[in-house]
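K.L.:
Read off the chains here:
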Amino acid sequence: MNIVVLVKQVPDTYSERKLSDADSTLDRDSADAVLDEINEKAVEQALQIKEAGEGEVTVVCVGPDRATDAIRKALSMGADKAVHVCDDALHGSDVLATAKVIAAAIGKGDAPDLVLAGNEATDGGGGAIPAILSELLGLPQLTHAREVSIEGQTVKATRETDEGLTYLEANLPAIVSVAEKINEPRYPSFKGIMAAKKKPVDTFTVADLGVDAGEVGLGNAWSAVTEAAPKPPRAAGQKAEDEGDGGTKIAEYLVTQKLI
Amino acid sequence: MPAVSQEDFQPIQELVHEFIRDRVVPREQEIADADAIPEELRRQAAEMGLFGYAIPQEWGGLGLDLTQDVELAMELGYTTLALRSMFGTNNGIAGQVLVGFGTDEQKSEWLERIASGAVVASFALTEPGAGSNPAGLRTTAVLDGGDWVIDGQKRFITNAPIADLFIVFARTRPADESGTGIAVFLVPADTPGVEVAAKDRKMGQEGAWTADVTFTGVRIPAASLIGGDEEAGYRAAMTSLARGRVHIAALAVGTAQRALDESVAYAASATQGGTPIGDFQLVQAMLADQQTGVLAGRALVRETARNYVSGADRRIGPSSAKLYCTEMVGNVADLAVQVHGGTGYMRDVPVERIYRDVRLLRLYEGTSEIQRLIIGGGLVRRARR
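Protein sequence lines, in the order shown, are assigned to chains E and Z. Residue numbers are given in my numbering: position 11 of the first sequence equals residue 109, and the series is strictly consecutive. Residue numbers are given in my numbering: position 198 of the second sequence equals residue 639, and the series is strictly consecutive.
Okay, chain E solo, but in the shape it has when bound:
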């Protein structure tokens, strides 16, 4: 089983995140960079699938030089090798360009049986890469998976929504994006950290991948981020004292909100 996991380095959610004044792209210097937690979960899922049978786990990452730290983290968890697409021309690329580059990077290796991704990154939050990639690679996609299992040539996934659970399946090869509840990612072991240094990382530029430079970067993006602002702090709730009529008060409130 040849498993590809998409990983992304993002600003730590605990640090203050902002956009650069110059071009409204992510200000990478303003925050600590970490492997996105949802990607850790995707890597964990890949490793579990590998450990249950056999196979190889390749992480694919598009990002600047320092994204090697995120790649190293995935390798120290137990992934076997990595592909890093690193090119200044990619700065400010939109989801379409990024997906094209990822598709080309995946194409550099053996055809995958399974592509795993997080459902959305904690920085941009576009959540579109798995879907676009599915189109570009011509593979079925199972998104927002809470559970994933492989049975022969079939991948099964459980998707949780507010309405309930949806049970999905597709033939391999397929793309699966995982959601928060999928698993608890393992800690790398000390030995895993030391072994990671020796694992192969292939680095490509946009040109290496045969992607037209006119299709990537901020200047060629189909969408633009114009501004970002922090979420307003949550307003204080409304308190109702229960003087024997608590239930009525709650019902009245729900009526004013048109909820009942």
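These are calculated hints, taken from the structure and not from any lab test. Treat each hint with caution, since some may be false.
As the list claims (entries may be wrong) - Simulated pairs of lysine to aspartate or glutamate, EDC-like, Cα-Cα distance not exceeding 20 angstroms:
#1 LYS198/E with GLU313/E
#2 LYS289/E with ASP449/Z
#3 LYS295/E with GLU448/Z
#4 LYS289/E with GLU448/Z
#5 LYS296/E with ASP449/Z
#6 LYS289/E with GLU455/Z
#7 LYS289/E with GLU553/Z
#8 LYS289/E with GLU488/Z
#9 LYS295/E with ASP167/E
#10 LYS295/E with ASP449/Z
#11 LYS179/E with ASP208/E
#12 LYS297/E with ASP127/E
#13 LYS289/E with ASP506/Z
#14 LYS179/E with GLU154/E
#15 LYS279/E with GLU481/Z
#16 LYS179/E with ASP449/Z
#17 LYS640/Z with GLU480/Z
#18 LYS297/E with ASP506/Z
#19 LYS329/E with ASP221/E
#20 LYS297/E with ASP449/Z
#21 LYS295/E with GLU481/Z
#22 LYS289/E with GLU459/Z
#23 LYS640/Z with ASP476/Z
#24 LYS179/E with ASP221/E
#25 LYS296/E with GLU480/Z
#26 LYS148/E with GLU488/Z
#27 LYS279/E with ASP463/Z
#28 LYS289/E with ASP476/Z
To be verified - Heads up, incomplete: computed chain E residues facing chain Z, CB under 10 angstroms, no partners named:
#29 ASP167
#30 ARG170
#31 PRO286
#32 SER287
#33 ILE291
#34 MET292
#35 ALA294
#36 LYS295
#37 TRP320
#38 THR324
Idealized CB from N, CA, C, for every residue including glycine.
Fit chain Z to the supplied structure of chain E, relying on the hints for placement.
P.N.:
This is chain Z only, laid out in the frame that chain E set:
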């Protein structure tokens, strides 16, 4: 050359930092209430390799040297000391006796399982009449038909209730001109005649267990004598303890840093009469004394570890570092309670736990008084030479 390069060590230290801050600190209250480390944390610690970071790589560990060991200890000291205690004897006083003095057969039988955490090793030296000074040891080992038979009682033995293996110090003969007569043995916990009493009720360090261990006619094969040398015990104890003292000093620095951080956070937010207490100069003075102690202790620990690794000083430095840092953390914890005022006296406030936890650091692995004797006596002996 250390077995783990500085480049490799950095992400290892970062991982431990993250594990302590993200996984253990939020569960401190749970550990204190249950008087136990949650199984999940134990498993994660074992999977990471925390049970064997100081065991050499050829025996399945990571082989960190003492300069690296102390950096991890400073991370580990930041949270409840019970976590460190869980794997402290494997890496430290118990494991290092085997590493330094075991035969190859003994090492290959035990060390890999110690490094993985499959076996918990416990250091059984202290007795009712022999604590910081092992010369008063009364547990005996007698050769009988090719076996050793051990009789005696050990006290305050860390990890005894969960131990799989005891590293037992016993006397094969009275001390005389030829030596101390103290040997050290490998005694599996399930050997008939080994009895572990109920765990001790302690002042602090909930989640770390100690107990009395009694050896009654415990028969073990001749090959259980560590190093095959009846004289190895005293030197093994002293060597293992000296290394451990630098580790304990580092642990104290980590806890002092935590007490300082708790104090600063409290001083910055708590108010009296509408004024943040951190604006009061007398509170600032306490923070300043805490900070100075932490910085001095950290520098001392790092320097002592370097000198230990280079071989320049393996006796006076370790005792000085343990003496200074464990007394320092006592003061820092005391000030932390003071900064918190009445709040600091309440259960479930981190500094209240720290205040109780660190009291032990001045007692075990050689009291402050013993450290002073080692330092003072060592200096005078050196001058007379």
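K.L.:
Would you mind marking each hint as holding or not holding in the structure?
P.N.:
Structure-based check of all given hints:
no., hint, verdict
1, LYS198/E with GLU313/E, "holds, 9 angstroms"
2, LYS289/E with ASP449/Z, "holds, 10 angstroms"
3, LYS295/E with GLU448/Z, "holds, 10 angstroms"
4, LYS289/E with GLU448/Z, "holds, 14 angstroms"
5, LYS296/E with ASP449/Z, "holds, 11 angstroms"
6, LYS289/E with GLU455/Z, "holds, 14 angstroms"
7, LYS289/E with GLU553/Z, "holds, 14 angstroms"
8, LYS289/E with GLU488/Z, "holds, 10 angstroms"
9, LYS295/E with ASP167/E, "holds, 11 angstroms"
10, LYS295/E with ASP449/Z, "holds, 8 angstroms"
11, LYS179/E with ASP208/E, "holds, 13 angstroms"
12, LYS297/E with ASP127/E, "violated, 28 angstroms"
13, LYS289/E with ASP506/Z, "holds, 16 angstroms"
14, LYS179/E with GLU154/E, "holds, 8 angstroms"
15, LYS279/E with GLU481/Z, "holds, 18 angstroms"
16, LYS179/E with ASP449/Z, "holds, 18 angstroms"
17, LYS640/Z with GLU480/Z, "holds, 19 angstroms"
18, LYS297/E with ASP506/Z, "violated, 25 angstroms"
19, LYS329/E with ASP221/E, "holds, 14 angstroms"
20, LYS297/E with ASP449/Z, "holds, 14 angstroms"
21, LYS295/E with GLU481/Z, "violated, 28 angstroms"
22, LYS289/E with GLU459/Z, "holds, 17 angstroms"
23, LYS640/Z with ASP476/Z, "holds, 11 angstroms"
24, LYS179/E with ASP221/E, "violated, 25 angstroms"
25, LYS296/E with GLU480/Z, "violated, 32 angstroms"
26, LYS148/E with GLU488/Z, "holds, 18 angstroms"
27, LYS279/E with ASP463/Z, "holds, 18 angstroms"
28, LYS289/E with ASP476/Z, "violated, 31 angstroms"
29, ASP167, "holds, 9 angstroms"
30, ARG170, "holds, 7 angstroms"
31, PRO286, "holds, 6 angstroms"
32, SER287, "holds, 5 angstroms"
33, ILE291, "holds, 5 angstroms"
34, MET292, "holds, 5 angstroms"
35, ALA294, "holds, 8 angstroms"
36, LYS295, "holds, 7 angstroms"
37, TRP320, "violated, 38 angstroms"
38, THR324, "violated, 35 angstroms"
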